[in-house]
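Protein chains in written order, with the working numbering: chain A, 109 to 407; chain B, -5 to 271.
If you're looking for bench data, these hints aren't it; they were derived computationally from the structure.
Because the structure is a prediction, the values reported are computed rather than measured.
One thing to keep in mind: the hints can contain errors.
Said to hold, decoys possible - Residues of chain B placed beyond 12 Å of chain A at every Cβ, according to the derived structure:
id, residue
1, K(-1)
2, R33
3, L40
4, A115
5, V120
6, I154
7, T180
8, F212
9, Y214
10, L218
11, D219
12, R263
Stated by the list, open to error - With a cut-off of at most 25 Å between alpha-carbon atoms, the simulated BS3-like pairs for lysine-lysine come out as follows:
id, chain 1, residue 1, chain 2, residue 2
13, B, K159, A, K303
14, B, K3, A, K315
15, B, K182, A, K308
16, A, K303, B, K182
17, A, K293, B, K3
18, A, K401, A, K256
19, A, K293, B, K(-1)
20, B, K159, A, K113
21, A, K402, A, K315
22, A, K401, A, K315
23, A, K155, A, K308
24, A, K293, A, K308
25, A, K308, B, K(-1)
26, A, K401, A, K293
27, B, K(-1), A, K303
28, A, K315, A, K303
29, B, K159, B, K182
30, A, K155, A, K293
31, A, K155, A, K348
32, A, K303, A, K293
33, A, K293, A, K315
34, B, K(-3), A, K308
35, A, K293, B, K159
36, A, K402, A, K308
The beta-carbon is built from N, C-alpha and C at its ideal position, and this holds for glycine as well.
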Amino acid sequence: MSSEKIFSIFLIAFASISLLIVTGIVISLIVNSYPIFLMDSLSFIFKSVWNPVKEDYGILPALLGTLITSAIAISISTPLAISLAVFSTEILPMRFREFINNISDLMASLPSVIYGLWGLYVLAPILYQYVMIPLHQYLGFIPLFSTKPIPTNLFTAGVLLAIMIVPFASSVIREAYSAVPYYLKEAAYSLGMTKWEVIKTMLGYIKSAIFAGIFLALGRAMGETMAVAMVVGNTFTLPKSLFDMGYTISSLIANQFPNAEAYNHMIPALYGGAFILFIVGLTMNLAGLYWIKKVMSKG
Amino acid sequence: MNKRKVIEKVMLGVISSLAIVSAIPIFAIVINIYSEGARHLTLDFLIDLPPPPVGGRDGGIGPALIGSLILTSLAVAIGGSIGFFTGLYLSEFSHTRLAQYTQMSLQIMVEFPTIIIGLFAYMILVAPLKRFNALAGAFALSIVIIPYIALNVREAYRSIPYTLKEAAFSLGVSAPTAYLRILLGTAKRGVLTALLIGMAKAAGETAPLLLTILGTTFTYFGGLDQPINAIPLLIYNFALSPYERWHQVAWGAAAALLTIILTIFIISRLMVREVKI
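Could you put together the complete structure from these sequences and hints?
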């Protein structure tokens, strides 16, 4: 066999590994979680109970926790991410742009455990003092703010997630924004538009990229584990307000897995949670990739 | 001023202040981590065993630092080689069906919650051995970084001008020589950046380690089949402990980790900048 042939077989072997890994992970999720679905069927998703002693598990509070924290994160981070992208491509003087982009990339590459440590000891007390207590005092009649807050809860986790995903969402939007054909911008200015009106037009033009950024960021927020595990309170109750301590699926796995082996069905239950998380996250990412494709076909 | 001008001023102001607000946390994080943690960063701190919760010596993060070095090197070696050849394949054989599937797998992997990768490594390497071990951690970290390395290596090889590739092959050398000796020289910085990005990811990743190496050992390296600690895991465990002294160790460890990440980040940025010129 020629060395060319051997080399291409060699490369094919390596390229197949990722495919095998993804297949392996999906299979491992299915194989390890089917006992819990066999035992509880779908009530595993809609039950709110975590009782290792009775071997009774239902993931609903953690699933809600994942949805609530990522909803908080996405509603805070979307306006911030769009602003950051516009600011760094349109408003900031040219020579500062690389700096702010570097800052944003650095934020995206900080380990989540560092966000977690900072969130636990710096962010949580600040939010507690200046945001949660006032909201509870003055707007406590709204169910969202009705629980008497303590520093680590779903709300803190949501805000910390927002901080973490801003740079990520913003870089997707930034890329699309700077890829808009220049003549479009020129045309807009030549109509006598103000800068804000131009920005508005441009944002309308890259709407798909904004959706893509939001969905991809949502996928990240749902899967994020360590930072959330450090500030979410790790309490298994059905959340009644944003200020309740809670769990997310990933923080539940992080927190419960180390002692799961002592019980018969906890490991399948945690794999079951991971399987649900995988499905939800994959949906978000496929939605994001769909919108990115739309952007690409436009350009 | 007419109404449109006023709206413009207001909106530009709103956008700018929101942008600045979103960048504040990074400065706050770096300042807080160093103001709390930098004073711990002595040589003793880097090599000592962790302290007891109360009494005794001040201690350090020695085992975790060594564990992190071992795990990160292994991950970069394993994940780096798989990622490199995968990226090369994607760049040069992008038209094949396998390339499309691989591309899709990498995109899914990059967005995978890393804790799920930890669960996978647990099934493959922890459950059969009936013991948390370093190898499982390195295995999980390798999977985490493969997509980052592969996608960046793909870009590095893709950015080589076509004329250069033609020139390399017209020398009459074999494909491996052309790709790995001649063209690698051109793609060198891109490939190194890819490896650095992977290294930073592996050094800071925590979630999969929780399910693979467990970490709370107070011994230095004891073999790849034994539990091991890592800096990010130590930060997590100590930060959530009830002891103030362990919180301090967590801050010191965070300062060390942040320094590692910042160093890798700055080196990779400098390399990218030189490429541009």
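Query raised in the report: Keeping to a limit of 25 Å between CA atoms, is the pair of K182(B) and K308(A) held or broken?
Result: violated (41 Å)
Query raised in the report: Would the pair K401(A) and K256(A) pass a check requiring their Cα atoms to be no farther apart than 25 Å?
Result: Not satisfied, since the Cα-Cα distance of roughly 45 Å exceeds 25 Å.
Query raised in the report: Per the stated criterion, does the least C-beta distance between R263(B) and chain A lie above 12 Å, as a non-interface residue requires?
Result: violated (6 Å)
Query raised in the report: Between K402(A) and K308(A), does the CA-CA distance stay at or below 25 Å?
Result: Cα-Cα ~20 Å, so holds.
Report task. Verify the proposed pairing of K293(A) with K(-1)(B), using a straight-line Cα cut of 25 Å. Result -> holds (18 Å)
Query raised in the report: Any Cβ of chain A at or closer than 12 Å to Y214(B), or is the non-interface label fine?
Result: The assertion about Y214(B) holds, with a minimum of 22 Å to chain A.
Query raised in the report: Between K159(B) and K182(B), does the CA-CA distance stay at or below 25 Å?
Result: holds (14 Å)
Report task. Against chain A, does V120(B) hold up as non-interface, every C-beta pair farther apart than 12 Å? Result -> violated (10 Å)
Query - Given pair status - K293(A), K401(A), alpha carbons within 25 Å - result: OK: K401(A) and K293(A) at ~22 Å, within 25 Å.
Query raised in the report: CA of K(-3)(B) to CA of K308(A), is that 25 Å or under?
Result: holds (16 Å)
Query raised in the report: Given the proposed pairing of K303(A) with K182(B), does the C-alpha separation stay at or below 25 Å?
Result: Measuring from Cα to Cα gives roughly 42 Å; hence the hint is violated.
Query raised in the report: Would the pair K155(A) and K348(A) pass a check requiring their Cα atoms to be no farther apart than 25 Å?
Result: holds (15 Å)
When held up to the earlier numbered hints, the structure conflicts with 1, 4, 5, 12, 13, 15, 16, 18, 23, 30 and 35 and fits the remainder.
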